[in-house]
Amino acid sequence: MTRNFSAWPVLLVLSLISLPLAIMYASVFVDSFTNTPPGAILPNEFTLAHWRFLVDPSIAGNIWVATLNTFIFALSMVVIVTTISAMGGYAVSRLNLPYRRFFLAGIMVMHAFPSVTLIIGVFLVLQFAGLYDTLAGVIMVKATLMLPFGIWIMKGFYDAVPWEIEMAGVQDGASRFTVWRRLILPQVKPGLIALGVFAFLDGWGEYLLPRILAPTSEFRVLSVYLQQISVTDSINYDFNLFKSVGLYYTLPVLIVFIVFQNRLMNIFGGGTKG
Amino acid sequence: MPIQLQDFTKRFDNTTVIERMNLEVHDGEMLALLGPSGCGKSTTLLAISGIHRVNGGQILFGEEDVSEQPSQKRNVGVVFQNYALYPHMTAYQNIAFPLEVRGMGREQIDKEVRAIAALVHIEQYLERRPGQLSGGQQQRVALARALVRKPGVLLLDEPLANLDAKLRLEMRSEIRRIQQETGITAILVTHDQVEAMSMCDRIAIMNEGQIIQIDTPTEMYRNPKTQFVAGFLGNPPIAFVNGRASGEAIRLDADEVTLPLPTGARRPKDGEPIVVGIRPEIFGVNGGSPIGGRVSFVETQGRENLYDVALPSGAVLRSIQPVRHDISVGDQVTWGVNPDALMVFSQDGTRL
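Read top to bottom, the protein sequences are chains A and B.
First residue of the first sequence: 318, per our numbering; consecutive thereafter.
First residue of the second sequence: -10, per our numbering; consecutive thereafter.
Calculated from the structure, these hints are not laboratory results.
All values derive from a computational prediction rather than experimental measurement.
There could be a bad hint or two in this list.
[To be verified] Computed beta-carbon distance windows for the label pairs: (1) A:SER323 x B:ARG95: 56 to 62 Å; (2) A:VAL345 x B:ASP153: 57 to 63 Å; (3) B:GLN58 x A:VAL433: 52 to 58 Å.
[What the hints assert, rightly or not] Below 25 Å or equal to it, Euclidean Cα-Cα: the simulated SDA-like pairs (lysine to any residue) are: (4) A:LYS506 x B:ASN64; (5) A:LYS506 x B:LYS100; (6) B:LYS139 x A:ARG499; (7) A:LYS506 x B:LEU115; (8) B:LYS100 x B:ASN64.
[Said to hold, decoys possible] Not everything, but these chain B residues come out facing chain A in the computed CB check (under 7 Å): (9) SER38; (10) SER60; (11) GLN61; (12) VAL67; (13) PHE69; (14) ASN71; (15) ALA73; (16) PHE86; (17) VAL90; (18) MET93; (19) ARG95.
From the three backbone atoms N, C-alpha and C, an ideal C-beta is built for every residue, glycine too.
Working from the sequences, and respecting the hints, build out all of it.
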């Protein structure tokens, strides 16, 4: 790369802007391992006491079960959303299906709908179907709400694959399904990976739906766990414990993001075509 | 395998693109579908391949009516303009794909792929992906993929359009060589008359969904049936001048020039408006009927020069001659036209 101008002014501005964020992360990290005397700014002792929630279920229940639940929830998102979007996106992009325009318009509208506004209707449907207060119910609702986004993104990726590849595949004697699986799917893999990561992160961070649609269930995700230890008016409210759980909860997100950040950007590169 | 189209009709929604077209391709022949863009030649090709459904008429491969068969069953090899290679597979996997789909054993596939790779000269590139191949090599891989399962028919959709001039020349003879070595019946779709004339046994010229004329390249050039065909073939193109019949002669409009009617042409009625076609190579010869005009443009082509000669009426004739230095733009010239090679068309474009 040739440089037309020096990079340091840009870097300086960026660091200044992101300084509050960096300080915040640093203080969360430091606070979760130390104790600070009241009134002081700097901590005075190192302790692992704030991480006792990892081994002591008496604080707010078993964190490992909550972690496992969150993983199950997030991975279900990945599986359901990528599978259905991979097929649905292909269908609306390539197949001459009846009511295609209607579907596309519906997907667009659903995509633009904030999920909170649907919550009463969703609640009634779940209640009626007997899925209220179950893991399966929450997973289905969350996945459904993510699908319009997923299908739309995948449609954009499929639209970018040339028709001729499909024609060539058919001419080579392959069925439409084989063409899709062996020839077209590999072309949209970057989009599928990005969508999967996105679905994972979205599922991992979901709070509202499990809280409302499965309030008493045994199934408890990390976001609900976090909420339960942060009841600010309780006597034994431990702010450093809250920070530690928060850090624990954020860690996988940070790791996933660092690993996949380039792939995530793909969504905005390939998914823009309407 | 011989191919036959009988009353083939194709509509898109309510637009009829091709109406009742008849075409016969002989076994082992290479036929060009030549025409301007939008004339329906690619539509015809895709209908033969099975990607487009026919709306009427029949497509016969040999004796068999394949009109209702899906692409997968037709056993047709197609080379697309952009080659449509599968970008995530190596050249080897690309060529092997049609055989894999058929469930052929691995050893057999390997044998077939290597044999076809040898035919199209790409043995050393088999492990590369399409992105790592040059345009000409991609073209060869596409040809190999189309031919590897020994189709009865090979269809080529503008196969040379994406290549640079030098490669185009090379692939032109390569495709012809491969076609002749395999003895396969082939249809080439192109808008480039040079490709059609140099590669094919016969040319079918199409316009607006109709085949205007089918002939060998030489015959087509020498003996076009309509003004459209005459204007489409030939580079530099033929010049047309309006005129009127008067007895045994033709009077060019607004010019004091009379030309004798070519022998063999049907006699037009006296005073009937006609169009005279003059190819560049028959104007500027020694002898013949003289036509005078002013040189309005000189195009250097290396071995030859192309002269545009404007007649007093404003019509422009073209003359191609060996390079000469005695003529420059603005000169008045009087050059001869070989009267026997003139082409005369009636007002509606049919040859007299």
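- Message: Tell me the hint numbers this structure goes against, listed in increasing order.
- Response: 4, 5, 18 and 19
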